[in-house]
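Residue numbers (the working numbering), protein chains in the order written: chain A, 13 to 374; chain B, 13 to 374; chain C, 13 to 374; chain D, 13 to 374.
Because the hints were derived from the structure by calculation, they are not lab data. Here the structure is a predicted model, which is why all the values come from computation and not from measurement. Check each hint, because a few of them may be wrong.
Same chains, same names: a pair is fine if it fits in one copy or spans any two.
[Claimed, not checked] In silico BS3-like links for lysine-lysine, alpha-carbon gap of 25 Å or less:
1. 339 to 236
2. 339 to 157
3. 285 to 229
4. 339 to 353
5. 141 to 363
6. 41 to 285
7. 288 to 101
8. 41 to 363
9. 104 to 288
Protein chains: 4
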Amino acid sequence: MLHNIAILTGGGDAPGLNAVIRAAVKTAKIQYGAHMLGIPDGYDGLVQHAEPWPLDVSEVAGLLYRGGTILGTSNRGDPFSYPVEKDGKIVKEDKSDDLIECLKELRIDALIVIGGDGSLAIANALFQKGINVVGVPKTIDNDLKATEVTFGFDTAITTATEALDKLHTTAESHHRAMVMEVMGRDAGWIALECGIAGGADVILIPEIPFSWDSIMKKIENRSKRGSKFSIIVVAEGAVPEGGEQVIQASADETHGLVRFGGIGHLVGEQIAKNLKMETRVTVLGHIQRGGKPSTFDRLLSTRFGVEAVHMVVRGEFGQMVALRGGKIIGVPLEEAVGQQKLVDPEGQMIKTAEAIGICVGR
Amino acid sequence: MLHNIAILTGGGDAPGLNAVIRAAVKTAKIQYGAHMLGIPDGYDGLVQHAEPWPLDVSEVAGLLYRGGTILGTSNRGDPFSYPVEKDGKIVKEDKSDDLIECLKELRIDALIVIGGDGSLAIANALFQKGINVVGVPKTIDNDLKATEVTFGFDTAITTATEALDKLHTTAESHHRAMVMEVMGRDAGWIALECGIAGGADVILIPEIPFSWDSIMKKIENRSKRGSKFSIIVVAEGAVPEGGEQVIQASADETHGLVRFGGIGHLVGEQIAKNLKMETRVTVLGHIQRGGKPSTFDRLLSTRFGVEAVHMVVRGEFGQMVALRGGKIIGVPLEEAVGQQKLVDPEGQMIKTAEAIGICVGR
Amino acid sequence: MLHNIAILTGGGDAPGLNAVIRAAVKTAKIQYGAHMLGIPDGYDGLVQHAEPWPLDVSEVAGLLYRGGTILGTSNRGDPFSYPVEKDGKIVKEDKSDDLIECLKELRIDALIVIGGDGSLAIANALFQKGINVVGVPKTIDNDLKATEVTFGFDTAITTATEALDKLHTTAESHHRAMVMEVMGRDAGWIALECGIAGGADVILIPEIPFSWDSIMKKIENRSKRGSKFSIIVVAEGAVPEGGEQVIQASADETHGLVRFGGIGHLVGEQIAKNLKMETRVTVLGHIQRGGKPSTFDRLLSTRFGVEAVHMVVRGEFGQMVALRGGKIIGVPLEEAVGQQKLVDPEGQMIKTAEAIGICVGR
Amino acid sequence: MLHNIAILTGGGDAPGLNAVIRAAVKTAKIQYGAHMLGIPDGYDGLVQHAEPWPLDVSEVAGLLYRGGTILGTSNRGDPFSYPVEKDGKIVKEDKSDDLIECLKELRIDALIVIGGDGSLAIANALFQKGINVVGVPKTIDNDLKATEVTFGFDTAITTATEALDKLHTTAESHHRAMVMEVMGRDAGWIALECGIAGGADVILIPEIPFSWDSIMKKIENRSKRGSKFSIIVVAEGAVPEGGEQVIQASADETHGLVRFGGIGHLVGEQIAKNLKMETRVTVLGHIQRGGKPSTFDRLLSTRFGVEAVHMVVRGEFGQMVALRGGKIIGVPLEEAVGQQKLVDPEGQMIKTAEAIGICVGR
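Looking at chain A on its own, in the form it has when it is part of the complex (with noise of 0.2 Å):
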């Protein structure tokens, strides 16, 4: 029997969605002779019935090494709650009939929904009003807890394990803090293993609110016993205790357009008004999501999009595709979504962390 499968790619980037979109494309074709179709930038592409992208395998050669996603994400939002304008006004409406509409008009069997927990619970949704779903965990934050890991972090923290090393080196000759500022709102995942990786000294997530007298004490013992310099590691949600997140420093003039390092900056003037030390603070932002994906990123991406396909032609939908001690599986979708992974501060990593000498914040 031919298949008629349907794939999109949903909200923020992470290296690895073109992997998968390969995969899945090349497994569909050359495994089952079905044909695939690419919609275009997400849910967005479906509620407003885009043509889709009839998807050959000569059309996904050299996707393997891209980054970014041919495909396109959605911008505008969840189409259970879909902004359209009326009277001047934009309000919110439900448009996933009109999306089942344009599955049906393009005679879609099943649609693989590559994105992250917000695209996973409309993809859910979807599957409980009767569409045959499977899923693609996607978030660079690793912060997904039905899978051990998702394709985009190994390339982020290598990214920013890479920049730390090239600080370490500068700031060795010079006896300066080093401030680096790496992506991570409410998990910790990025900062925390490149930290580790990159050696640095402090680590600062979100599930730790950070003292700020144990930055100064651990950057001034270090002063002491010889180590001019020091390396802080900040992911951008991290907080003081007592304090709030300074994300968005110029939302309110910019209306939300713009997004600066703000937790960095912050760190780096305490450091250099309480210890006068010359501090300097890098900023990595989207470098972190962009570019080729590693070799462990591409591996997996191609697993998951191979995976998908077979869970698609073996009719087990609701569900996505999970890596579980060195295994693809399939998890219920239901299960998956809302739950995040954060760093458990008592957890074997964080204390592998301070097992050597690092201080997170506490």
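Model the placement of chains B, C and D on the given structure of chain A, informed by the hints.
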């Protein structure tokens, strides 16, 4: 209670060895105030009562990103069957008591052995004789059953995948077959994973004796469909159906001292002859074992080193650290050694390769 | 005749400093049997009669690829106007005689100074006072007229270009303006060359005061032609027409100890406000000064170090090494210092950028 | 006046070919409003009147960092002596008039040829016959006298140097000789420059026939001084004194279709035999020709492409672009072709290598 812990590295090189040493030294000193002694040249250093190297935190600075091992590894062999010269001839003797004597003289409470299957088997034998041993598994080929993955492997496949990326661009412009030989005598993990991540068309591994016909057909089919180049990844231990391994091409002439790419050249020659196609051969060799460890390998090495010291302190001897389901746990050496993890010809990873159209030689 | 040569590094960091030291030490020892003394912390080490470091060939092993400088660089400043505490206040005194005294005590025949414009001007002043000085130019900004290029620059633009490559992929998927701030207070070489090599759409440099209108028009024109993303590279010293440099955003509050990206954020904010476009800002900071030197920089550093020693042996003092037309030659320090090489707004490199459609702010 | 410009690429691969094409297309369109036609498969495409490819700005998006050439290169050869089948035999015929006819049919005003010495000689011959030709030099070996450097070379030595860095770490831990064979049949630039930048102990190049004795002595001297490993870089065209090139090891058997590392293996074998030392051989092969162009090569390619179009517009035909003293200038093809730039055995670069103790085979 203060501890006196010795650490040694055995066997071939793997990126991350130094990172394990660094993490172990830091944990021992910072968390437990224990003393660490580095044993030079693996078991050899103990058999020959070589001067140990007191390892303080300052000694291990910068080791996180340094390839190789500052301790050196043993070249001469198993202390239980140690080569000694007698009457002008080399005979094997059990030197394990000398080794144990040396540990006593140095007042060592526990020994951490970082090594492959061979070194860990010796560690287990020493444990049977009463030595407090904790193992850290190391195999660049990733062929140890007891742990999901070992450090060094991610770096090796990253190096090999980057090489494949480079071959891709030049192959595309010139209508050629590009053969790349990678490590892997018994286990094909490196070839298989770098081949998938690097977009290879054919992957030949020791676990699946390959058919010349299948290879030629795959390349010809690609030509027919307009892809005039093909990328072939060959594990050094790959064998044609009914053939033999050709690893040591010049072994007899040079007394085993030199190793050249064997099977890679043979495969290249056959493709050139049979398909009248320009063919180029790359033999990656030891490049795969060298270089800075990848971010993943630095993390895993650090976690292994930290946990090994925790196990020493908790008195969990006769065990080795292992990664399972995202956690570092202890596994009895007895169960761990001698259990090679080969690629399952019907397993998920091979099926993934075949699903996207890669020929695995059959 | 045996020589006794001292070597020091001054000013900011640049990848390749260690490679110069290594090459100089090797050449001195191997080719001439001379002694080399490393002076710690630049001119400070001489003024304060710090213990010098005898540098043998074994000492410099591994320095070829190590960023930073093993000798450290001076922090306090010009020996001819050296800060000393007097009656509780900091006053400036001429300490050049102390420095010369120190060289005599150490029986130094010649001094090799690796440094930027400031350090080389001091070297020239010392030469005027009779010291046998040879200079090695160092400026990561590549703004020295006397040499076609200096080491560190290629590494810096390589780091910045790799960052642009990563921003490109994620910009493409998301319809955004990506602003990246790079080094360059007076000279825009880094911004210009990484911008061309990294495919930027807008490049803003100190030498060409930029028009907000030109930037906005460029980005809007791209949108109209279907390219919904734009990449903007901003040198930290770039200024709007009629505006001022905004390098030290928080200078007053923090006594000049902390430096944040200034103009990058300002540019991002304006784009967001004017074009109602999502904008992200990356501030590369000191990442550009760190890391392994590139192959080009290792070669240039090595050639500089070797030639500096040849010049010492040939008695060509008061000169510095320089690259011209592929050769390393000697250039009088007098001519070399104080001659800044800025980007010529009508020169070939700017014209190259404009020929391929890059907006340089006008 | 509108122009109609054709562009083709000839000969072997070099990173930066696509970047030249991109820059030329952009300059032609944006600055001059000219039309660009891409000729597929080099001169072959003209001889065989293949369909040309109209190249618009959108067509060349992303080409800056893409290795290889989107146009393909000629495989069959010189249009002035073109292989054609006659009565079942291959004979050579002058097809240059067919080629010129094709240019006329396409109404081409000028032809930009990107190629090596051979392709540029043909370009010159076409110029003599009245065609408006501008050349862009390409040789990964950097052996063209008329330009200080060509694109692709920096990428090649960067790849080779990174491989040497990796060999270094693993050599250090294991007391071995590591031999790495790189490209360079006639000119040893790649071996020489990557060898210096990568810290090789021995560098063998075609220009200096090597003495087995010198190599062995160098390695033995290192052993005596405690360095138990040695790194040997061998250009594929290196020859022992009184010996012959061994490039095409298996040429006769396979009709020249396959090329294996020859001299690298021979050198490895001799070291193993003579010094009883473990030896490993790496043959980098076409990895050196592939991959993303380096930052330097992207800049140079872009500058070459831009200037080539300027020269077309200014009517400066019969010339090629060249880098001299930091500027791109025009050089008559007549002077440029046939002038190979070999390593001068008494030149500055070789002397640099010897000054720091590298054995260059003598």
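Each hint tested on the structure:
For the identical chains of this complex, residue 339 and residue 236 are neighbours neither inside a copy (48 Å) nor across copies (35 Å), given an alpha-carbon limit of 25 Å. Taking the closest pair of Cα atoms, residue 339 and residue 157 come within 25 Å of each other both inside a single copy (16 Å) and across two copies (14 Å). Taking the shortest alpha-carbon separations for residue 285 and residue 229, only the intra-copy value of 14 Å comes in at or below 25 Å, while the best inter-copy value is 41 Å. Proximity of residue 339 to residue 353 under the C-alpha cut-off of 25 Å is found in both arrangements, the shortest distances being 19 Å within a copy and 15 Å between copies.
For the identical chains of this complex, residue 141 and residue 363 are neighbours neither inside a copy (44 Å) nor across copies (33 Å), given an alpha-carbon limit of 25 Å. For a Cα distance limit of 25 Å, the shortest separation of residue 41 from residue 285 qualifies neither inside one copy, at 62 Å, nor across copies, at 32 Å. Taking CA atoms no more than 25 Å apart as the test, residue 288 paired with residue 101 passes between copies only; the shortest distance there is 18 Å, against 52 Å inside one copy. In this assembly of identical chains, residue 41 and residue 363 lie within 25 Å of each other by CA distance solely across copies; the values are 15 Å between and 47 Å within a copy.
In the homo-oligomer, the alpha carbons of residue 104 and residue 288 lie at most 25 Å apart only across protomers (21 Å), although the nearest pairing inside one protomer, at 52 Å, exceeds that limit.
Checked against the numbered hints given earlier, this structure breaks hints 1, 5 and 6; the rest are met.
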